[in-house]
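Taken in order, these protein sequences are the chains called A and B.
Under the UniProt record's numbering, think of the first position of the first sequence as 1, with each following residue one higher.
Under the UniProt record's numbering, think of the first position of the second sequence as 1, with each following residue one higher.
One should not assume that every hint holds.
All copies of an identical chain are treated as equivalent in the list; a pair is satisfied when it fits inside any one copy or across any two copies.
Straight-line distance between alpha carbons at most 16 angstroms, and here's what the computed EDC-like set of lysine to aspartate or glutamate pairs gives [as the list claims (entries may be wrong)]:
id, residue 1, residue 2
1, K348, D8
2, K132, D71
3, K142, E171
4, K135, D8
5, K132, E211
6, K371, D338
7, K86, E332
8, K336, D306
9, K336, E201
10, K230, D263
11, K377, E320
12, K69, E89
13, K230, D129
14, K187, D56
15, K230, D71
16, K364, D306
17, K132, E175
What the hints contain is simulated information worked out from the structure, not anything from laboratory work.
Keep in mind that this is a model prediction, so the values were computed, not measured.
Number of protein chains: 2
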Amino acid sequence: MVNYFSSDFKLAILGGGQLGKMVLYETRKYDIQTLVLDPSAEAPCKISCNYFEQGDLMDYETVLNFGRKADVVTFEIEGVNVDALKQLESEGIKTYPSATTLEKIQNKATQKKFYREKNIPTAQFEVFDSIKELKGAIEDRKISIPFVWKSATGGYDGKGVSVIKKQEDLEVLSEGECIAENLIPFKNELAVIVARNPSGEMKTYPVVEMEFHPTANQVEYVICPARIDKKVAEKARKTAEKVSEAFQHVGLLAVEMFQTEDDEILINEVAPRPHNSGHYSIEASYTNQFEQHIRAILNLPLGNTDSKVGGIMVNLVGAEGHEGNVVYKNIEEIMKMDGVTPHIYGKKITRPFRKMGHVTIANKDLAEARKIAEKVKNSIKVISDNK
Amino acid sequence: MVNYFSSDFKLAILGGGQLGKMVLYETRKYDIQTLVLDPSAEAPCKISCNYFEQGDLMDYETVLNFGRKADVVTFEIEGVNVDALKQLESEGIKTYPSATTLEKIQNKATQKKFYREKNIPTAQFEVFDSIKELKGAIEDRKISIPFVWKSATGGYDGKGVSVIKKQEDLEVLSEGECIAENLIPFKNELAVIVARNPSGEMKTYPVVEMEFHPTANQVEYVICPARIDKKVAEKARKTAEKVSEAFQHVGLLAVEMFQTEDDEILINEVAPRPHNSGHYSIEASYTNQFEQHIRAILNLPLGNTDSKVGGIMVNLVGAEGHEGNVVYKNIEEIMKMDGVTPHIYGKKITRPFRKMGHVTIANKDLAEARKIAEKVKNSIKVISDNK
Numbered sequence: 001m002v003n004y005f006s007s008d009f010k011l012a013i014l015g016g017g018q019l020g021k022m023v024l025y026e027t028r029k030y031d032i033q034t035l036v037l038d039p040s041a042e043a044p045c046k047i048s049c050n051y052f053e054q055g056d057l058m059d060y061e062t063v064l065n066f067g068r069k070a071d072v073v074t075f076e077i078e079g080v081n082v083d084a085l086k087q088l089e090s091e092g093i094k095t096y097p098s099a100t101t102l103e104k105i106q107n108k109a110t111q112k113k114f115y116r117e118k119n120i121p122t123a124q125f126e127v128f129d130s131i132k133e134l135k136g137a138i139e140d141r142k143i144s145i146p147f148v149w150k151s152a153t154g155g156y157d158g159k160g161v162s163v164i165k166k167q168e169d170l171e172v173l174s175e176g177e178c179i180a181e182n183l184i185p186f187k188n189e190l191a192v193i194v195a196r197n198p199s200g201e202m203k204t205y206p207v208v209e210m211e212f213h214p215t216a217n218q219v220e221y222v223i224c225p226a227r228i229d230k231k232v233a234e235k236a237r238k239t240a241e242k243v244s245e246a247f248q249h250v251g252l253l254a255v256e257m258f259q260t261e262d263d264e265i266l267i268n269e270v271a272p273r274p275h276n277s278g279h280y281s282i283e284a285s286y287t288n289q290f291e292q293h294i295r296a297i298l299n300l301p302l303g304n305t306d307s308k309v310g311g312i313m314v315n316l317v318g319a320e321g322h323e324g325n326v327v328y329k330n331i332e333e334i335m336k337m338d339g340v341t342p343h344i345y346g347k348k349i350t351r352p353f354r355k356m357g358h359v360t361i362a363n364k365d366l367a368e369a370r371k372i373a374e375k376v377k378n379s380i381k382v383i384s385d386n387k
Numbered sequence: 001m002v003n004y005f006s007s008d009f010k011l012a013i014l015g016g017g018q019l020g021k022m023v024l025y026e027t028r029k030y031d032i033q034t035l036v037l038d039p040s041a042e043a044p045c046k047i048s049c050n051y052f053e054q055g056d057l058m059d060y061e062t063v064l065n066f067g068r069k070a071d072v073v074t075f076e077i078e079g080v081n082v083d084a085l086k087q088l089e090s091e092g093i094k095t096y097p098s099a100t101t102l103e104k105i106q107n108k109a110t111q112k113k114f115y116r117e118k119n120i121p122t123a124q125f126e127v128f129d130s131i132k133e134l135k136g137a138i139e140d141r142k143i144s145i146p147f148v149w150k151s152a153t154g155g156y157d158g159k160g161v162s163v164i165k166k167q168e169d170l171e172v173l174s175e176g177e178c179i180a181e182n183l184i185p186f187k188n189e190l191a192v193i194v195a196r197n198p199s200g201e202m203k204t205y206p207v208v209e210m211e212f213h214p215t216a217n218q219v220e221y222v223i224c225p226a227r228i229d230k231k232v233a234e235k236a237r238k239t240a241e242k243v244s245e246a247f248q249h250v251g252l253l254a255v256e257m258f259q260t261e262d263d264e265i266l267i268n269e270v271a272p273r274p275h276n277s278g279h280y281s282i283e284a285s286y287t288n289q290f291e292q293h294i295r296a297i298l299n300l301p302l303g304n305t306d307s308k309v310g311g312i313m314v315n316l317v318g319a320e321g322h323e324g325n326v327v328y329k330n331i332e333e334i335m336k337m338d339g340v341t342p343h344i345y346g347k348k349i350t351r352p353f354r355k356m357g358h359v360t361i362a363n364k365d366l367a368e369a370r371k372i373a374e375k376v377k378n379s380i381k382v383i384s385d386n387k
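Input sequences plus hints: build the corresponding full structure.
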C-alpha cells in the first residue's frame, strides 16, 4: 500500500488554474506533495504546490519531463499533450484519468461516436470533416436547419458551439472537423459528477440543475439538488454511472445532460476532472469534489457524496466593459448574507466574461438559498479599478 | 474601504504551525496575500503563503521587521514578542488581536486577575511569585491541598498545569510565578469560540463539549453541539461574549470553561486565536473558525456560526514509543467511514503525544457521529516507519 500522507509520494497536476487551486486545498489537507505545470507565471496554483513549473501543456517534451518527476499524473484541463501521457503510462507512471479516455473526450466527434457505440443516449448527430462538407450535406438535404453545430476540438466555456437557425449562421463558423446535432427541446440542463477509483468503486453526486437567465442564454445558478422528479434524478445518476463505466474511468467525470420534454435523459458532453457544476460541494457536501478526485485517482476509499445542506453556486465573471486590475465591488455586502462564501481564484486582471471566482450559498432550505443567490447575483460586480 | 481580494494588501501571520496552515486555506480562498514567520524551516505553513521567513517569534527585532512588511499582523500562537507588536501598533500597523490583550492572556496570573476585576466567573485563586512563596502559604494554612497549580507563563497543551493532591506533588513543579486555584468538581469541560471585529460585531459558535477518556486524563472527543441543557448552553455563550467584550477583543477568542455540579459556568482560560476546539467547524459550520478569524481581523462582516450538521473532532497525536518519520496506520480504514475527513498537518517527524493531525466526523445524527468517532479512535494510529 502506498503511503501518500507526509511521505515522498508526488502528484503532478497539469494545469494551474482555479480547478487546480481548489485541488491543492485538499492535497494540503492530506499533506500530499504536488507539482504543477502551467503556461502562466501568474497561475492561481503558483503557490500551495511544492513545485511550480511554467511550461506549455501541449508540448510533448515539456509534459513528459514534468510527468517523470511524479508518481501519479493528473490534469485539471483537457488541453494537454496526450502522447506524452501515453509515454508516461508506458514508463509505469500512472496517469489518471487515462490518456486514452482523455483522447476520446478531447474530440467531440470521437466522444459522440463513443456514446453511440456504447448505447448511451445522446442527441442524434452527424460528423463532418469541414464546413464545406457540412454545407454540402445541407444542400443534399441530409441534414436540415435548425441544428446545433459543435467544433470537434477546442471548444471551451461555450466557445465552439452554435445554434444554426438560418443559412447565414454558417458563414461565421470556424473551420475544421465538426458535428451537427439535432436541436433538442429540453426542460432542464442537468449534471452529475461520478467518482470512480482504479478498484472500480464508484459514487455519484446528487443531480444538479443549471438555471438559465430567462432571456440571456447564460447559466445563472447551479442548484443542488436539482428541483426535478426523483425518478428522473435516479435515471440521470444511472446514466452518468453508465458513462463512467463505459470509459472505465478513473477520477471524476462530470456528465452534462439534457432532460427532454418527455423526461428522457440525453448525454450532452463530459469533463474528466473537477467541474464548475460541482463547486457547491465545498460547502454543501460531506466530501467535496476536489477531495473526491484525489481519493479516486490515488485509489483511496471514496467519500460520502451526500449533501449536508442545499447548495447554490453563482459564477463571478468579469463585467462587460471592464478590463484591468480586478475589484470585487460589493463583496462585503454579499458576505453579510446568510451562508454565503465567496471564492476568489486569484486572477489579477479581469476581462469581460472571464471566470474570476464563484460564490456558494448554503442553506438547509433550498428555496431560501435561491432567494439569497439572486441577491448575491444582483449585488456583486467584478469590475476593474480604472473605471 | 480596504480592498483585500487579489490586491496588494498583505497579512502577516506570526507562527507557521497547523493553525496557521488552516488559516492559509482561507487566505487562498479569498486570494489575500500572506507572510508567515516561524522558527522552523519545516513549518506546515512553509508553502501556501506568499512569503515565508524563518525566525524567532520571541525576538523583538525579528518580529518588528517582519511585521513592517504587512498591513495587518495576526498570530496563531501566543508566544510572540509583545513589545514588537506594541511598536508595530504605534507605527500604524494594525495588530489583531491587540498587543495589550495578548499580554494579559500570555500570563495566566494577569488573565485571572482580569476576570476578577471584570466580574467574570472563574475559580477562586491566589497568585504567588515563586514555589517557595506557594509553600509558605500552605504552611501558613492560607491555601490547602488539594488545589490546582498553574504556571503563570509557558503553559501549553497541558504543560504547566498540575493537580496538587499531596505535599510531595509540590517538589516536581517548575520554578516561577504561579497560581493556586480551587479544585472545581465539574460535570463538563466546555468551550465557546467568540468572533468579534473592530466594528464591534460579535458572533458566538455553539458550545462544544470535551469528552474525556474514562480513565486517562485526556480529551478524546470535541463534540459540537455539547450534549447539555439549552439554558446552560445559553449561559455559556453569554459568558463567553462577556469575556470577548471585556477584552474589547478583535479576532477569535476561544473560551474554555467548566460546567460545575450546580450548573454554574466558570471561565478556565482563553486563547486569542483559532483553537483545537473549533476544528470541527471546517466540516460542520456554515463559516469555519479560520475564515471567521480572517473576517474578524479584517473588519469584514462575520459569517453564520450555525452548524450544518453535528461535528466531532478526534486529535491525531503521536503514539507512545514511536519517534521518527510519520506513518498514519489504517488511515484508509477510517476514510471508508461515513463523513470522516482526516487533516494531516504536515509534520514529518512523529513523537509521543505530538499533535500530528485531526479527524472530523460529520453527521446529521450526533449519536451516530459519536459511534463513528469511537471507531476512528480505535483504528488509526500515528506511528513511525522504523518500527
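### Query
Can you name, in rising order, the numbers of the hints this structure does not satisfy?
Per hint list: 2, 3, 4, 5, 7, 13, 14 and 15 violated.
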